[in-house]
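Colleague: Now for the letters of each chain:
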Amino acid sequence: MSPYLPILLIILIALVIGGAMSALAHFCGPRNQTAAKKEPFECGVPNSSRREKMSVKFYLTSILFILFDIETVFLYLWARVFKTLGWFGVAEIFVFLLILVVGYVYVLRSKALDWD
Amino acid sequence: MDLFYFELMAAVVKMCVILAMALQLPPIMVWIERRAGAFMQRRKGPNRVGLFKWRLWGLLQSLVDTIKLIFKEESVPEDADKVFFHLAPVLSLIPALLALSALSFGNYIILFDHEIPLQLINLNVGFLFILGISGMGIYGIVLAGWASSNKFSLLGSLRASAQMVSYEIPMGLSLIPIVLIYNSLELGSIVEAQANTWQWGIFLAPISFFIFLITMFAETNRAPFDLAESESELIAGFHTEFGSSKFALFYLAEYVNMFTLATLCSILFFGGWQVPFIPHLKLIELLGSHNLASFIGFVTLLLKSAFFMWLYVWVRWTLPRFRYDQLMKLGWKFLIPLSLGNVFVTSLILMM
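Protein sequence lines correspond, in order, to chains A and B.
The number in our numbering is simply the position in the first sequence, starting from 1, with 3 added.
The number in our numbering is simply the position in the second sequence, starting from 1, with 923 added.
It should be emphasised that the hints constitute simulated quantities derived from the structure, not laboratory data.
Where hints are given, some of them may not hold.
Below, a list of computed lysine-lysine pairs in the BS3-like style, where the Cα atoms sit at most 25 Å apart [unchecked claim]:
no., chain 1, residue 1, chain 2, residue 2
1, A, K40, B, K967
2, A, K114, B, K1005
3, B, K1074, A, K60
4, B, K1005, A, K41
5, B, K991, A, K41
6, B, K937, B, K1005
7, B, K1005, B, K967
These numbers come from a predicted model, not from an experiment.
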């Protein structure tokens, strides 16, 4: 049996559970909607919801994440064949980490990681 | 019987066990959490709801709460994105269940002359699959915040995603020394390599364990890193607008994620299903039965992860919450350099 078949099974069962729970609440719960209930839930603040524009910091964080995460995955490949590569691999990864650290210091110095 | 159908049947049975584990986890954990919180704050906590004349220390409180949640009115905000609003809880449940079923819960058992490993999803990429899938849990949170069209939800979901994304890097980096030491990505063979108790990950890679423990709390948005749902600032964070059973689904996903990471921690650093000081092979010899030894291993693993689940609760009621800039500073400026240095030093020591 393919090892990927259980993944499909789990996705299906999760969809069924999620759908069933949502449907159960939909049919079991009372339904009397009022205008106030349909508004966004806030504590006394004037109702100004809609989609707000958010700080660009979050965007920057996600861009940096992509860079560093790809590098992490790359390190996994090296870690798996570490014993066979020997000192050659260590030297290579040292160069790789050096470049990574230069990039990291650049990010640090340009204050991309500072939250004010 | 055809081998394919046999394996399919085994997979379905394993899936049922995993589902049972996942579904009974939140009620018990919520009860433990409330009772422990009460105990630590000198209150009584929920102690009434029981069965007929037995109170059972309020154990059935969560069950009653679940029923209550199902019978609550389901309200959808008017300008919510309807499709994503209904989809978001399910989207956070799918990765949680997938990651849970990729764990290795024990050695294989022998049934009808077939070896059945106690692991539902056994891919050759091993725990990289778990890391990748738990990263996908962010989608549910982001969509939940986006779809409810509430600025507190949006802020909460952005915070949660930025936090999970930031702590995923140190988490990934902290597990590289484990791969270096045991030379494998598959959870089963990592546990087999930890037969000797002094070969456990905690003794061979203590700094990795330290980093992993911190990121474990941050990845599941638990205190002291629960900025995503800090009640005093954001009402309830990304699930502010979610009521009734959708809220229950988010809760389920959160607790399943916690259990997955707790179990992963005990597999990688505490010998998984190896009983302390008794290697698994010796256990089989002692008991004379393969299946019994596997079962004892399974129970051992559950006890180990129960300790980490308790640690979650313990830390939650002990430590105050971080500030958001402190959280990002800890992740990017402390944990990432530390874990990079840890990878390099571990590789040098192993080469010596």
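Colleague: Would you mind marking each hint as holding or not holding in the structure?
Modeller: Results for each hint:
About 34 Å separates the Cα atoms of K40/A and K967/B, which puts this hinted pair outside 25 Å; it is violated. Only pairs whose Cα atoms come within 25 Å are accepted, and K114/A paired with K1005/B is rejected, the gap being roughly 39 Å. Note on K1074/B and K60/A: the hinted pairing holds, with a Cα-Cα distance of about 17 Å set against a maximum of 25 Å. Taking the CA atoms of K1005/B and K41/A, the gap is about 13 Å. The hint holds against a cut of 25 Å.
Between K991/B and K41/A the alpha-carbon distance is near 21 Å, which keeps this suggested pair within the 25 Å criterion. Proximity of K937/B to K1005/B is assessed by CA-CA distance (about 35 Å); at most 25 Å being required, the pair is judged violated. Distance check on the hinted pair: K1005/B and K967/B sit about 41 Å apart at the alpha-carbon level, beyond 25 Å; violated.
Hints 1, 2, 6 and 7 from the earlier list are contradicted by this structure; the remaining hints agree with it.
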